[in-house]
Amino acid sequence: MKRVIKNSIVLLALITLITSCDKSKRKPNLQYMPNMYESVSYDTYGENSIYSNNMASRLPVEGTVARNSELPYEYENTIDGYKLAKAELKNPLDSTKIDFKKGKKLYDIYCISCHGKKGDGQGELVKREKFLGIPNYKDRDITEGSIYHVIMYGLNMMGSHASQLTEEERWQVVAYVQQLKNN
Amino acid sequence: MKSVKKHNLISRLTLSSLAFLFFFSINLSAQGDAAKGKKLFNANCAACHKLDKKVVGPALGGVTEKRDNAWLKAWIKDNAAFQKVDADAKEAAAFSPASMTAFPQLSDQDIDDILAFTSAPPVKKVVKATTDNVESTNKPENKDNTLTYILGAIMFVMLLMIYNLYRTVIEMKDDTKSKNLSEQLKSVCDAFKANKFLHFLLLIFFTLLGTWFVFSWLFQVGVDQGYQPIQPIKFSHKIHAGDNKIDCQYCHSSAKHSKTSGIPSANVCMNCHKNISEVAEDTKIVLDGITYGKEALDKEIQEKLYTAVGWDADKLEYTGKTQPIEWVRVHNLSNFVYYNHSQHVTVAGFKCQKCHGPVETMDEVYQFSPLTMGWCINCHKDSEIDMTENGYYKKIHEQLANKYGVEKVTEAQMGGMECGKCHY
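First to last, the sequence lines map onto chains A and D. According to my numbering, the first sequence is numbered sequentially starting from 1. According to my numbering, the second sequence is numbered sequentially starting from 1001.
To be clear, the hints were calculated from the coordinates, so they are not data collected in a lab. Take the hints with a grain of salt, since some may be wrong.
[To be verified] List of simulated lysine-lysine pairs, DSS-like, C-alpha gap at most 30 Å:
no.	chain 1	residue 1	chain 2	residue 2
1	A	LYS6	D	LYS1193
2	A	LYS130	D	LYS1039
3	D	LYS1354	A	LYS104
4	D	LYS1054	D	LYS1073
5	A	LYS83	D	LYS1315
6	A	LYS97	D	LYS1256
7	A	LYS130	D	LYS1321
8	D	LYS1394	A	LYS104
9	D	LYS1321	D	LYS1294
10	D	LYS1245	D	LYS1193
11	A	LYS105	D	LYS1245
12	A	LYS101	A	LYS130
What you are looking at is a predicted structure, and each value in this text was computed from that prediction instead of being measured.
Kindly generate the complete structure, drawing on both the sequences and the hints.
Structure below.
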């Protein structure tokens, strides 16, 4: 009898002890075998103390081009570069490769918050008066070359969107912007 | 002499006030509609000009005092042509290497409207009392109290049981009046000791309860559902993805064709924050029950973000001194599991919210899903594959449909349960 009572009390105490461990949402939980969970190789955004800024991810060495990657963009980020691109840069995708559905999908992710659904400069950020002065594509004298140039480098208050889109995707967006302008 | 002087003063005063009135009335006659002007300004000029601060072009607040109306009209309509004929214009153009767009489409009235807007006195910003901006550092963290409650409830039931037992004993003996409290308790204890069946029941009860607790505790080891680390910048998904409807993939742009979704590098932030250096009066976020208003959030942008990218907000240029923002990783699968975003986002076409929950309502991200093997497998069992999109799947779809004798094929039947797909 005594034993039963004692045992149950001990058990109860133990359970309370275990389950009432402070499980803070600010700290990751306990793990069984951390050494099998944690990556030995460097993770995408991990740290690496070898480098001065501790970042494991590095920029490609200057002047090099990775295999299968796009070639460097030749036009300079100046007004002259802009004019040159506007005059001579052409879309390498022919009409069979241009996919307006894909272009629209990308445009709706990357450009719509400023330029608006129809390209009239009435995006969500403009409507909420967070970011003002977005032009209507129809008011601008733009060509496929200049649109591509602007995606690569940005223009004044518009930033570069080159890091978010691949070369092919940029040209799809360019085609879609031209369609918006012309309708 | 004194009186003359005074007279002089008075006449000067009247004169100048007359002149002021005159000036004002002229101004009025040339004045457009400031409300319309604001609209035009926001649509055409705000990308490069602010009223009180230089951006790409100079600050425009009060330009009408510096330049006359005709000059401004000529400049705004076509500044490149105007520079060729006007010396002042040529000087103005030296302001920056960027050049201003020509606006031939604006009428004289439009320009008057805009100028009226630029010379309208700026509305004084009312800074709200900052009581809701205080950061308190020693606030206790939320604990998960459910287990404590359950335990409390069990204790309560136990007490009830004992009390009932006590009542029965008393009724059986029916001589409550004669005994004092300690004797009564003793008699209860005796009754309890004598009842072997009750001992047995208690034993079973405690064993089951204990097992349940121990197992549920063991099963949550290594599961970080609800994990919500403190981030170095008080970046709110609610404000960005919710209120301002920025697409998830604007920032997490590698989700569409790579294993990781990626955390945006700071240049992506600067696409907007070069321009948005402060938040609106009513923008606020709530972390841990504490509200952070404009004052605190402006600091997050101007001190933390600008320092990280090395942006000099006064000179409007990059200093070149950068430092990484050390975001704390929330979701983290074990190293022995392979998970790929593009497979699920691009190929399967899932919305991010399916796995990450209502991120657009979170001021601070937390892990919504358990990320256990059971979670992955259950979804693979339930998800039917859309195979109409590409030719490769069409063929395999037919074969698999024949094999399983069903119309549609789930991911599990496609091989989403093979250990080697996720563990290798």
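Against the structure, the hints:
1. The suggested pairing of LYS6/A with LYS1193/D holds, with an alpha-carbon distance near 13 Å, which does not exceed 30 Å.
2. Between LYS130/A and LYS1039/D the alpha-carbon distance is near 14 Å, which keeps this suggested pair within the 30 Å criterion.
3. With a CA separation close to 23 Å, the supplied pair LYS1354/D and LYS104/A stays within the 30 Å bound.
4. The straight-line distance between the Cα atoms of LYS1054/D and LYS1073/D is roughly 20 Å, inside the 30 Å bound, and the hint therefore holds.
5. Note on LYS83/A and LYS1315/D: the hinted pairing holds, with a Cα-Cα distance of about 26 Å set against a maximum of 30 Å.
6. With a C-alpha separation of about 19 Å, the suggested pair LYS97/A and LYS1256/D falls inside the 30 Å cut-off, and the hint holds.
7. Of the supplied pair hints, the one linking LYS130/A and LYS1321/D holds, its CA atoms being roughly 27 Å apart against a limit of 30 Å.
8. At most 30 Å may separate the alpha-carbon atoms for a hinted pair to count; LYS1394/D and LYS104/A meet this at roughly 26 Å.
9. Between the alpha carbons of LYS1321/D and LYS1294/D the distance comes to roughly 27 Å, so the proposed pair stays at or under 30 Å and holds.
10. For the hint linking LYS1245/D to LYS1193/D, the alpha-carbon distance of about 68 Å lies beyond 30 Å, and the restraint is violated.
11. Distance restraint check for LYS105/A and LYS1245/D: the Cα-Cα separation of roughly 15 Å lies within the 30 Å cut-off, and the hinted pair is therefore satisfied.
12. Annotation: proposed proximity of LYS101/A to LYS130/A holds, straight-line Cα distance about 29 Å (limit 30 Å).
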